[in-house]
Amino acid sequence: MMRVLSTVCLWLALLCGVASADGYSNFNAGVASAGRDESDAAIKSLTQALASPDLPQHLQAVAYLSRGREFAEVHRLDAAIADYTDALKLKPDYLDAYISRCRAYAENRRYADAISDCSSAIRVQPANWRLHELRIDLYQQARRYDDAIADYSAFIATRPDDTSLLLGRANMLRLAGQYDKAMADAEAAHDAQFHSAWPYVAMGSIAFSQDKFDDAIGNINSALDVESHDSDLYVLKGQMLWANGRLDRASETFGDIFAHDGMDPYAFLWLSLSDAAQGKPVSADIVSKVEATDRTRWPGPLVDLYLGKTTPEEVLQGAAKEADGLNHEQCEADLYVGAWQQSHGHPDDATRLLTAAAGACDDMQKQLATIALARMRKAGSQ
Amino acid sequence: MKWLQLILAGLVISGAVAARADEHAQPSCALQSMASLDTQTLPNGEIAVPVTLNDTPALLAVDTGSIYSSISEEAAVEQGAHAQFSPYIGSFMNGVSTNAFTVLNSFAVGPLRSPKQWSVAIAPDQMLPASISGYLGPDVMRAYDVEFDFYHGKFNLFAHTNCAGAVYWTHDAAAVVPMKVADDGHIVVDATLDGKPVTILLDTGSPSSVMSVEAAEKLFGIAKDDQRLKFVRSISLNGGSDTPFYSFPFSSLSFGAITVANPKIQLIPQENFDPHGRQDAQIVLGMSVLRQLHLYVAYDQKMLYLSAAEAH
Numbered sequence: 002m003m004r005v006l007s008t009v010c011l012w013l014a015l016l017c018g019v020a021s022a023d024g025y026s027n028f029n030a031g032v033a034s035a036g037r038d039e040s041d042a043a044i045k046s047l048t049q050a051l052a053s054p055d056l057p058q059h060l061q062a063v064a065y066l067s068r069g070r071e072f073a074e075v076h077r078l079d080a081a082i083a084d085y086t087d088a089l090k091l092k093p094d095y096l097d098a099y100i101s102r103c104r105a106y107a108e109n110r111r112y113a114d115a116i117s118d119c120s121s122a123i124r125v126q127p128a129n130w131r132l133h134e135l136r137i138d139l140y141q142q143a144r145r146y147d148d149a150i151a152d153y154s155a156f157i158a159t160r161p162d163d164t165s166l167l168l169g170r171a172n173m174l175r176l177a178g179q180y181d182k183a184m185a186d187a188e189a190a191h192d193a194q195f196h197s198a199w200p201y202v203a204m205g206s207i208a209f210s211q212d213k214f215d216d217a218i219g220n221i222n223s224a225l226d227v228e229s230h231d232s233d234l235y236v237l238k239g240q241m242l243w244a245n246g247r248l249d250r251a252s253e254t255f256g257d258i259f260a261h262d263g264m265d266p267y268a269f270l271w272l273s274l275s276d277a278a279q280g281k282p283v284s285a286d287i288v289s290k291v292e293a294t295d296r297t298r299w300p301g302p303l304v305d306l307y308l309g310k311t312t313p314e315e316v317l318q319g320a321a322k323e324a325d326g327l328n329h330e331q332c333e334a335d336l337y338v339g340a341w342q343q344s345h346g347h348p349d350d351a352t353r354l355l356t357a358a359a360g361a362c363d364d365m366q367k368q369l370a371t372i373a374l375a376r377m378r379k380a381g382s383q
Numbered sequence: 271m272k273w274l275q276l277i278l279a280g281l282v283i284s285g286a287v288a289a290r291a292d293e294h295a296q297p298s299c300a301l302q303s304m305a306s307l308d309t310q311t312l313p314n315g316e317i318a319v320p321v322t323l324n325d326t327p328a329l330l331a332v333d334t335g336s337i338y339s340s341i342s343e344e345a346a347v348e349q350g351a352h353a354q355f356s357p358y359i360g361s362f363m364n365g366v367s368t369n370a371f372t373v374l375n376s377f378a379v380g381p382l383r384s385p386k387q388w389s390v391a392i393a394p395d396q397m398l399p400a401s402i403s404g405y406l407g408p409d410v411m412r413a414y415d416v417e418f419d420f421y422h423g424k425f426n427l428f429a430h431t432n433c434a435g436a437v438y439w440t441h442d443a444a445a446v447v448p449m450k451v452a453d454d455g456h457i458v459v460d461a462t463l464d465g466k467p468v469t470i471l472l473d474t475g476s477p478s479s480v481m482s483v484e485a486a487e488k489l490f491g492i493a494k495d496d497q498r499l500k501f502v503r504s505i506s507l508n509g510g511s512d513t514p515f516y517s518f519p520f521s522s523l524s525f526g527a528i529t530v531a532n533p534k535i536q537l538i539p540q541e542n543f544d545p546h547g548r549q550d551a552q553i554v555l556g557m558s559v560l561r562q563l564h565l566y567v568a569y570d571q572k573m574l575y576l577s578a579a580e581a582h
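One line per chain: the protein sequences are A and B, in this order.
Taking the numbering used here, the leading residue of the first sequence gets 2, the next gets one more, and so forth.
Taking the numbering used here, the leading residue of the second sequence gets 271, the next gets one more, and so forth.
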């Protein structure tokens, strides 16, 4: 039934035979439900809309797309992918459908399909950098660093003044193990943007990847001189100090975040590990601050574990349910639960999980897991 | 939810989009079509239309709730349009501000093309899906009469008419409602929500329709602990701070003879609605309700013609 009715209009409709438009009103109801995060209601309304013969043709593809997104919301990825495919059959250059299917494939870890769809989206809008960013993210997930570097290089040629592109390429070169080229890009970005913290972060990360911990920490200190309130930088520096075995300094650095009324869940996790390794508990003040935070979203379950409010099994099960191809819940669960097991005297579980993290994680988390494993082996052999 | 409130005087729009309505004025009362564009409906219910920016095809979402047309930061870079900055260009709902604008060499909406350079605001990328390059604002639209035919997927521009009776698409019930067109191009109309007079800002750039919790309390005596008030979700509105949305079962919203049953108008805190306490409208009516209507905005006449979306 039409949603917009006046008594006059209703009367006229009955007299004059105004066609009902169930397809249209169901479409609108579906979109409105989606906007209120009511996925089940949205799927129901959009299914009714798609089944209706009077859904206007121009809305059919978007109805499939919208229903697909709601299927994806409730983790029914195969149904979502089928809907995106139907949308693309109706509208072969449908950019949003390519992007959505690309993300769904990525969640299923079908990186080749995801990259293919992302490339199709780029063919529709070749100059759209946000699509290239998405593909680069997928290349990174798939560890196709050379392809990511090629994408960056193509854009750097057209936007030579954009230092964020140089830093992005530096990061990919670092991940590909091409440290000299990575450092050259980071230094070029530093020369172009002398007062920015981010080239220092890039240089620090490159040094860290080569286990040059002092250089790495020095660069992060330089970054902190510029961005003194960025808690992410404190976490990064603390992790580097932890990796370098300077646990007291690591604890101090993580603690600085809380001392300045900051709050970072990862800082709490690492502070807990650093303090535990020194045989001391995290201060009660910090614990009460952390307990007062909303821990419903990731990495909240990890924080709960470290607060003693949940079990490793629950965290791992939850992470497996939530994990998707573009995020890192599973990797983080393996790393942090593994480290927690190690600090709680369960070396077998710790070894199993940290080994999984060292295999599945990328970048710094992989390195931290590897260092934790090496420490365990060293401690075990003594 | 796009709602550009203020814009610095230094941002000078350099000329109306070419073939302005008044250049083609005709003595007869027949509506004179200037452009008829197919719309693309976005998954959130908003609509976008094809335009060209510096002769490059792009999609802009249509946003009666903004002031000036805008393009994303990324679209500006793609066009090689250098960003220029002012201390303050304007702010969108939820306090998300922009201080950047740029100048395009050309801007065209269908056959209507700017005679010279065109200035647009730069909207933060996080407000826009990757497929959309920006927003088409009242700076362009108000040079014409604008018809929104959501049911058929059409966005039509006509030469201004001062003749009464622009409802050409239906013999079904329709309403004619006087509207205020603010200096910034915002369209405000009077309506009746559950029997209470309310002022409404029409915002095609907002997927949802909202009023402030405080305004609802004042108008309807809805207490904060009212059982009918339900928390829906909290989202980062316009990429800004998290905003809690509440639903309330309103029964009807009437514009003259046209009534929308069970209008989905959500409530948000005043600080997110407008921290400075806006005076012009109590409700921002977005696409959750507007999609149920067929609208003809007669900017010069200051009249809003409307019918049910499916009326024919």
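Calculated from the structure, these hints are not laboratory results.
Positions of the beta carbon are idealized from the N, C-alpha and C atoms, including for glycine.
Don't take every hint at face value.
Label-pair distances were calculated between CB atoms; the ranges are [to be verified]: (1) Thr326/B x Asp286/A: 24 to 32 angstroms; (2) Asp364/A x His352/B: 31 to 39 angstroms; (3) Glu314/A x Ser522/B: 16 to 24 angstroms; (4) Gln318/A x Ser522/B: 43 to 51 angstroms; (5) Ser223/A x Gly491/B: 38 to 46 angstroms; (6) Asp364/A x Pro519/B: 46 to 54 angstroms; (7) Ala128/A x Asn432/B: 53 to 61 angstroms; (8) Pro539/B x Gln318/A: 51 to 59 angstroms; (9) Ala42/A x Thr469/B: 25 to 33 angstroms; (10) Lys386/B x Ala113/A: 26 to 34 angstroms; (11) Lys90/A x Ala353/B: 34 to 42 angstroms.
Results of checking the hints against the structure:
no. : hint                                    : verdict
1   : Thr326/B x Asp286/A: 24 to 32 angstroms : violated (56 angstroms)
2   : Asp364/A x His352/B: 31 to 39 angstroms : holds (34 angstroms)
3   : Glu314/A x Ser522/B: 16 to 24 angstroms : violated (52 angstroms)
4   : Gln318/A x Ser522/B: 43 to 51 angstroms : holds (47 angstroms)
5   : Ser223/A x Gly491/B: 38 to 46 angstroms : violated (59 angstroms)
6   : Asp364/A x Pro519/B: 46 to 54 angstroms : holds (49 angstroms)
7   : Ala128/A x Asn432/B: 53 to 61 angstroms : violated (43 angstroms)
8   : Pro539/B x Gln318/A: 51 to 59 angstroms : violated (36 angstroms)
9   : Ala42/A x Thr469/B: 25 to 33 angstroms  : holds (31 angstroms)
10  : Lys386/B x Ala113/A: 26 to 34 angstroms : violated (48 angstroms)
11  : Lys90/A x Ala353/B: 34 to 42 angstroms  : holds (40 angstroms)
Going through the hint list in order, the structure does not satisfy hints 1, 3, 5, 7, 8 and 10.
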